[in-house]
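Novice: Residue numbers (the numbering used here), protein chains in the order written: chain A, 26 to 270; chain B, 26 to 270; chain C, 26 to 270; chain D, 26 to 270; chain E, 26 to 270; chain F, 26 to 270.
Just so you know, the hints here were simulated from the structure itself, not pulled from any lab data.
Be careful, since some hints might not be right.
No copy is singled out in the list; a pair is fine if it fits within one copy or between any two copies.
No farther apart than 25 Å at their CA atoms in a straight line, the calculated lysine to aspartate or glutamate pairs in the DMTMM-like style are these [to be verified]:
hint, residue 1, residue 2
1, K269, E63
2, K269, E90
3, K247, E88
4, K247, E196
5, K257, E196
6, K247, D169
7, K253, E196
8, K253, D169
9, K257, E174
10, K257, E67
11, K247, E90
12, K247, E219
13, K269, E150
Protein chains: 6
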Amino acid sequence: MHLNIVNPNTSAAMTRIIAEAAARVARPGTTIRTVESEFGPESIEGPYDDAFAVPGLLARIAEGETAGADAHVIACFDDTGLDAARALANAPVVGIGAAAFHMASLIVHRFAVVTTLERSIPVIETNLLRYGLERRCARVRAADVPVLELNQPGSNACAQIGAEIERALREDAAEAIVLGCAGMAASAAALAREFGVPVVEGVAASVTLAEGLAAQGLTTAKRGAYAKPIPKTYSGVFARFSPKP
Amino acid sequence: MHLNIVNPNTSAAMTRIIAEAAARVARPGTTIRTVESEFGPESIEGPYDDAFAVPGLLARIAEGETAGADAHVIACFDDTGLDAARALANAPVVGIGAAAFHMASLIVHRFAVVTTLERSIPVIETNLLRYGLERRCARVRAADVPVLELNQPGSNACAQIGAEIERALREDAAEAIVLGCAGMAASAAALAREFGVPVVEGVAASVTLAEGLAAQGLTTAKRGAYAKPIPKTYSGVFARFSPKP
Amino acid sequence: MHLNIVNPNTSAAMTRIIAEAAARVARPGTTIRTVESEFGPESIEGPYDDAFAVPGLLARIAEGETAGADAHVIACFDDTGLDAARALANAPVVGIGAAAFHMASLIVHRFAVVTTLERSIPVIETNLLRYGLERRCARVRAADVPVLELNQPGSNACAQIGAEIERALREDAAEAIVLGCAGMAASAAALAREFGVPVVEGVAASVTLAEGLAAQGLTTAKRGAYAKPIPKTYSGVFARFSPKP
Amino acid sequence: MHLNIVNPNTSAAMTRIIAEAAARVARPGTTIRTVESEFGPESIEGPYDDAFAVPGLLARIAEGETAGADAHVIACFDDTGLDAARALANAPVVGIGAAAFHMASLIVHRFAVVTTLERSIPVIETNLLRYGLERRCARVRAADVPVLELNQPGSNACAQIGAEIERALREDAAEAIVLGCAGMAASAAALAREFGVPVVEGVAASVTLAEGLAAQGLTTAKRGAYAKPIPKTYSGVFARFSPKP
Amino acid sequence: MHLNIVNPNTSAAMTRIIAEAAARVARPGTTIRTVESEFGPESIEGPYDDAFAVPGLLARIAEGETAGADAHVIACFDDTGLDAARALANAPVVGIGAAAFHMASLIVHRFAVVTTLERSIPVIETNLLRYGLERRCARVRAADVPVLELNQPGSNACAQIGAEIERALREDAAEAIVLGCAGMAASAAALAREFGVPVVEGVAASVTLAEGLAAQGLTTAKRGAYAKPIPKTYSGVFARFSPKP
Amino acid sequence: MHLNIVNPNTSAAMTRIIAEAAARVARPGTTIRTVESEFGPESIEGPYDDAFAVPGLLARIAEGETAGADAHVIACFDDTGLDAARALANAPVVGIGAAAFHMASLIVHRFAVVTTLERSIPVIETNLLRYGLERRCARVRAADVPVLELNQPGSNACAQIGAEIERALREDAAEAIVLGCAGMAASAAALAREFGVPVVEGVAASVTLAEGLAAQGLTTAKRGAYAKPIPKTYSGVFARFSPKP
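Here chain A stands alone, though its shape is the one from the complex (with noise of 0.2 Å):
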C-alpha cells in the first residue's frame, strides 16, 4: 500500500516531524511518502495561509496520484484545501483535522481541541460543523504557541500545551484531547502519559484511517461534490494546472 502525505506548508522541519508519526502507526507493507509543498507558506497560521498553501498541496496531491497512491493525507490541522484535492483525486483524501475528530469520536462522549493560536479556533469550529462532529467536541481552545515554535529547543510550548489540556479536563469534562496541529504530533504519547486521558493526534489518525480506506477498497465518490473538475483553461501561473479532458 502506498500513502501519499503532503505537509501543506514548506517547512522541512515539520514534514520530518509528520513523517516520524506517521511511520509509528504505518503497517508493515504501507509505503509512505512524506513531502512539504514546493510553494507557499512557510507555516499555516489562519485563513489567508490557508488560502496560499492550497496551489502547492494540489500539485503534491497530483503527483500522488499519478504515482498510484492507495490514499492520501492532508498534514494541516485546518485540512486545507480537503473539497479541491478531493475533487482532484480518485484515491481517497484524509484531513489530519477529520482524522483526529472521527478517531476521537470511537472513544468518547465528548473531547477537547488544544491548538496554537486563537486565530485558529474559528475554522477548526467550522470544520467540526462541516463534518457534523461539533457536538462531540466540548470546546476548541488556543494555546497561544506560534506553529513553527512549537520543536523549538527552549520553547515554553509544551508547557502551554499542558496548561490549555489541564483546562479542558477541569473545565470542559474533555474525556480524551485531540491534538490541534501536525507540529504537535511528537508530544502525544508523553502528553497521554502525563494527564491519564487518550491524546489523538491526527497524523497517526489520518494515517490509519487511509490505509483503511485503501484496504476497503474504498475511493472518494465522483458523484456530486467531488466530481471530476471539468476541462477547462487556467491562466497565468496556474495554466499548467488546468484540468484535462
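For this one, chain A is given, so just place chains B, C, D, E and F on it according to the hints.
Specialist: The following block gives chains B, C, D, E and F in isolation, referenced to the frame of chain A:
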C-alpha cells in the same frame, strides 16, 4: 494485533458472513475471533431485539477483554449495546454502523443508508444524530427484507436492495451507499460495481478502524461517559455480570 | 385507570420512594402498581448498569400489559429501555426523564438538570438530544452522590444537591430545576421552597403524563419505530421473552 | 381543580367545540371555564390575525388568574400569545399546539401535523423549532381548509384532511398524526379509527397537561423569560392592561 | 426613497434617538418618517410589553404602506410584531434586531449581544434561533439597565454596558458587539472607539438594509408565511384593523 | 463611497454582467471598480476551480485595499476565498452568495436556490450551514447549465432555470428564489415578473450590503477569525503575497 468481533445475535450463519468480510480487509498480522452471542435473539430487528441482545454481547466483550483483545467490534448495524460495551472495555469498541458512517463521511458530502426493515430506520436515524453525522446522511431507506432472508438462496433480497440503491442515487443525490446490515456484507463489492459508486459496508469499515485505533495505542476514555462500572450486586440471571471492584 | 410503574433496579427502598411520589399526584380513581425488577442491578449508574436493567424491566412491562395497564412508567431517570418497552407495549410508556423534560419545557425557557454522578451526564445529554429538548436545557450537572446514598440517614446528599442547584441558578441562568434521579423524588417540594423556583421531579411528572395519555385514549404508535416485535426465537435465559406471533 | 381555557378568537361556535373536547378528557373533579375573547379576530389564520388576538386573550388570562385558575390553556394551535400569557400568569399556561407536540413525542419517533391553511405552516414550523421538537415532526401539511369551514355542514373539510393524513402516512413515514387546529378537535377519534394510527388533538392534550402541571403544584417560572411584567404606563385602549406594581 | 421607521413604544424621547441614528447613515436622497406608536407601552421590556406594542405598531405600518413607503423598520430590538407587519406590508419590513445580527454576521465569525434586562435574553435568543443565526452569537448578555434609564443624565448605564462588553470580549471570544436596544443607538461609535472592536447598532443596520432592499426592488414575499391577511371581521377596539378584501 | 468588486474568474464577459448588475442598484455617489482576476480559472465550477481562483482574487482585494476601497465584493456565488479576503482586508468583504441569503432571509420564511451545476450544490449547502441560514433555505437546485453558457445566444439556459424555479415553487414551498450564479444577474427582474415571486440576485444584494456596511462605518473585525495575517515568508510564485509586518 488481536480483534474480538461479536455478532450480537445467535446466528452462526451470519457470524460466518461477518468473519469473511473481516478477513477480506484485515492486515496480515491481525488475528480475529469472530463469535456470535451464546444466548439471545437469532436476529436483531428493532429495539426489542436490541435489548435482549446486549447481555449476550457484553459476555463476549468481557471474554475478549480477558483474552487481551486490542479492540472490539460490535457486528450489528444498530450498534447494539455500544455504550455499555465501552463502559466495560478498556480496549476501543467500534460499532459497524458508526464505522460505516465515519468512513463514508471521508469520501462524500452525503451518503444514503439502505437497511433491511422500516422499523430499523428510526434506530439508525437516532444513531446518526447521536454520533453527529445526521447531516451527512441524505436518507435512511429500507429494502423491506427480513435479516435472515438476506443470504438465503432464492431470496429476492438482492433485487430489492438494488432497487432501493437506485432510488437513493436518483432521488436523494446520494454520492455513496452505506449498507445497513451486517448480513449485507458479502454484497458490497458487487453492488459497487453494479452502481458505479462507493458502497461502504460496516464490517470491513469497523475492522480497519479497530486496527487503526489499536495501532495508535488509543483506548476507550475512562473519564465521564465510559467510566468503569461501579462495583455492585446484580441479582438473578445477571449475578455473574456484577461489576467487580 | 391503572398505571404500571416499574423501578428498573432491584432496590425495594427506591420503589417505596417512587410509590410515594406517585401517590402524591395521582388522580383519586387511579390505581397504581409500583414494582422493582425481579433481577438485575441494585442501582443504575451509567450505561453498563442500564444494559442489565432492561430485561428485568421488560418482564415487568409485559406483566403490566397482560394485567391491562392503561399506561406504563419507567422510573429511572436514564429512561432505561424506553424504546424496547414501547415496542413491546400497546399502552403508552413514559420515562421519568422524558416526562420531567417535557413538563419543565412548559413552564420555562431553560431549565437545568441536577443528577447524581458525572457518568450519568452523557446519558442524560444524549436523551435530551434524542427527544429534541437539548436547547431547553441550560446544563446537566452532577452532585457527585451515589444513588443508594441519596436517602440514607446522615448522608450529605441533600447539601450537595442544594449546592449544585445554587450553581445552576447563578451560573446557568436556569429558570427551574429538574431533579435527575428517581431517588430524589422526596426532596422536590422542600428544594422548591428553599430556592424559590419550580423543581420538577420525574416520577410525579410521568404519572400525570401517563394519566393524561390514557385519558386521551392515546396508545403507542405501532407503525415504524415501535412496531410489534417480529416473532422469533430467543435462546438461553431469554427464551421466555421470545416475541410470539 | 379549576382550568381557564381561552379561545383567542371571538367565535362562540369554536368555543363550544373546544369545551366539548375538554370535557371528554377532564378529570371528574376538574371545573373548566371555556371562553372566547371578547374582542379581536373571528378566526386566526396567519400572523396578522395572531397579533390582534393576543390582547383579548390576555384579558381572559388575567380574569382566570384573578379567579384563581390552577392552570390556563390557550386554545389556538398557533399558541398565540403564549410567552406574554406566561409572563402575566403565575399558574402554568399550556398552548394546544405545544401540548399536542409534547404528547405525540411520547408515543412516536416522528409525527406529522395536518393543519388548515398553507400560511399557518411557517407559524407551526417556527413553534416546533422554538420548543425543540422540530426533528420529531416529519412534516407540517395543510389541508387547504379555512378555519371557519371546518365544522360547517356540507363542507369538504373532512375529506381534505383525510387525504392529507393519507399522504403523511405514505410519503412522510409519520407514525401518528397531530391535528393542527382547535376546530378539528371533534374529528380526532373518527380519524384515528379510519387510519388506524394515533391522532393527537391539542385541546385534549392541553387539558391533561394543565391538570398534570397543577397536580404537581408546578407554576410558571418567574425568573428569566417569564418574569412578572415591570410596572409601567400603557396608553390609549391598552391603559387598563398596564402592569401594576 | 421613503422609509417608515416605527418605534413600537410610546416614548417620544426614544423616537428622537432613533431618528438621529437613522439620519447618520441614511443616503442623501432618503426621506424618513420616524414615529412612535400612538398607544401602548411606554417601553418594551419582555414579552408582555411586546404583546401590547404590536397593534400600535401595525397601525403605523399601515399608515406607512398607504403613504407609499419603500420599506419599513421596526425599531425595537425584540423585532416586536415582525411577522404580522410582514403579512400586512408589501414593502419589505426590517427589524433592528434582525438587521444587527445579519450585518454583524458579515464582519465576524462570532459576535456577542449586550442588551438591557435579563428578561430580554430569552426573547433575543429565540429570535436568533428563528433567523438561523444562533451559532453566530457567542452569548447574549444583559447589562441590567432599564430601557428608560439608558439615556438619562446621571445614569450608570454606560458604565454597566461597558463592563458587559468587556466581559464579552474576555470570556466569550466575541469579535464584535451588537447593542441590544434601540435606546443604545447613540453610544455605538463611542463604544467602538473605547473597545477597539466593531459595535453594531440595529437602527443604522436596519436603515441601510431597508434602503438596500428597496434599491433592489425587493418586496416581502406574498406566498406562504407572509400572505396577505384574509378578509374577516375583527371586533371591539380592533374593528378598524379588520383585513379588507 | 468606493467599492471594489472582484470577479474571481478571468472571464471579462462575466465581469461586464456583474458591473451592469452592480450599476443598477448602486447609490448615485458610489464609485465602483469591477474587475476580474488576472490569472486563474475562466469559470468556477466546483471546489477545484474555487481553490485556484483564490490567489488571483486576493491580489485584487489587496489592490482595492491599497486604493482605499470602503468595501469589497466577491462576485462568485460560492463566496470563494471569503475568509482569506476578510483576513486580508480592513474594509468589509461581502460574498454574493452570503449577500443573497441574508437579503432573502429578510423577506421570506424559506427561499430556494437555483444554481448552475449539481457539483455546486454541496458548496452552497456548506456555505448556508456555515452562515447559519440552512434552515431558511428549502432546497438548493441545479439547472444543469454550465456557467459560460448562461449568457450565450441560443443557449437553453433560461428555460432550464425557469423550469427549476417552477419546481422550487411547487415542490419546495419556496416563497422566493435566490439565483445561484453571478452569471444569472441579468435575468433576475424578468424571472421575478414571470413567476410573480421575489427573485434575489447576489450582485445587487452584495452591492447594497457593502454600501450599507460602509455607511455604518463598520469594518471587518480584526480579533479572532479575521486577525491580520502574521508576517512570514511565502515562497515561489506566491512570494509577493507574503504577509508584511
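Novice: Run every hint past the structure and note whether it holds.
Specialist: Quick rundown of the hints versus the structure:
Taking identical chains as interchangeable, the C-alpha atoms of K269 and E63 lie at most 25 Å apart whether they share a chain (22 Å) or sit on different chains (21 Å). When the C-alpha separation of K269 and E90 is checked against a cutoff of 25 Å, the pair qualifies only within one copy, where the shortest distance is 14 Å, while the shortest distance between copies is 35 Å. Taking the shortest Cα distances, K247 and E88 sit within 25 Å of each other inside one copy (19 Å), while across copies they are farther apart (37 Å). For a Cα distance limit of 25 Å, the shortest separation of K247 from E196 across copies, 17 Å, qualifies, whereas the shortest one inside one copy, 43 Å, does not.
In the homo-oligomer, the alpha carbons of K257 and E196 never lie at most 25 Å apart, since the shortest distance is 52 Å inside one protomer and 30 Å across protomers. Taking CA atoms no more than 25 Å apart as the test, K247 paired with D169 passes between copies only; the shortest distance there is 17 Å, against 40 Å inside one copy. Taking identical chains as interchangeable, the C-alpha atoms of K253 and E196 lie at most 25 Å apart only when they sit on different chains, with a minimum of 21 Å there against 45 Å within one chain. For the homomeric pair K253 and D169, the shortest alpha-carbon distance between copies (16 Å) is at most 25 Å, but the shortest distance inside one copy (39 Å) is not.
In this assembly of identical chains, the alpha carbons of K257 and E174 lie at most 25 Å apart only when taken from different copies (13 Å versus 42 Å within one copy). Taking identical chains as interchangeable, the C-alpha atoms of K257 and E67 lie at most 25 Å apart only when they sit on different chains, with a minimum of 7 Å there against 30 Å within one chain. Taking the closest pair of Cα atoms, K247 and E90 come within 25 Å of each other only inside a single copy of the chain (15 Å); across copies the shortest separation is 39 Å, beyond that limit. For the homomeric pair K247 and E219, the shortest alpha-carbon distance between copies (15 Å) is at most 25 Å, but the shortest distance inside one copy (44 Å) is not.
In this homomeric assembly, K269 and E150 never come within 25 Å of each other (Cα to Cα): the closest approach is 35 Å inside a single copy and 27 Å across copies.
Checked against the numbered hints above, the structure violates hints 5, 13; every other hint is satisfied.
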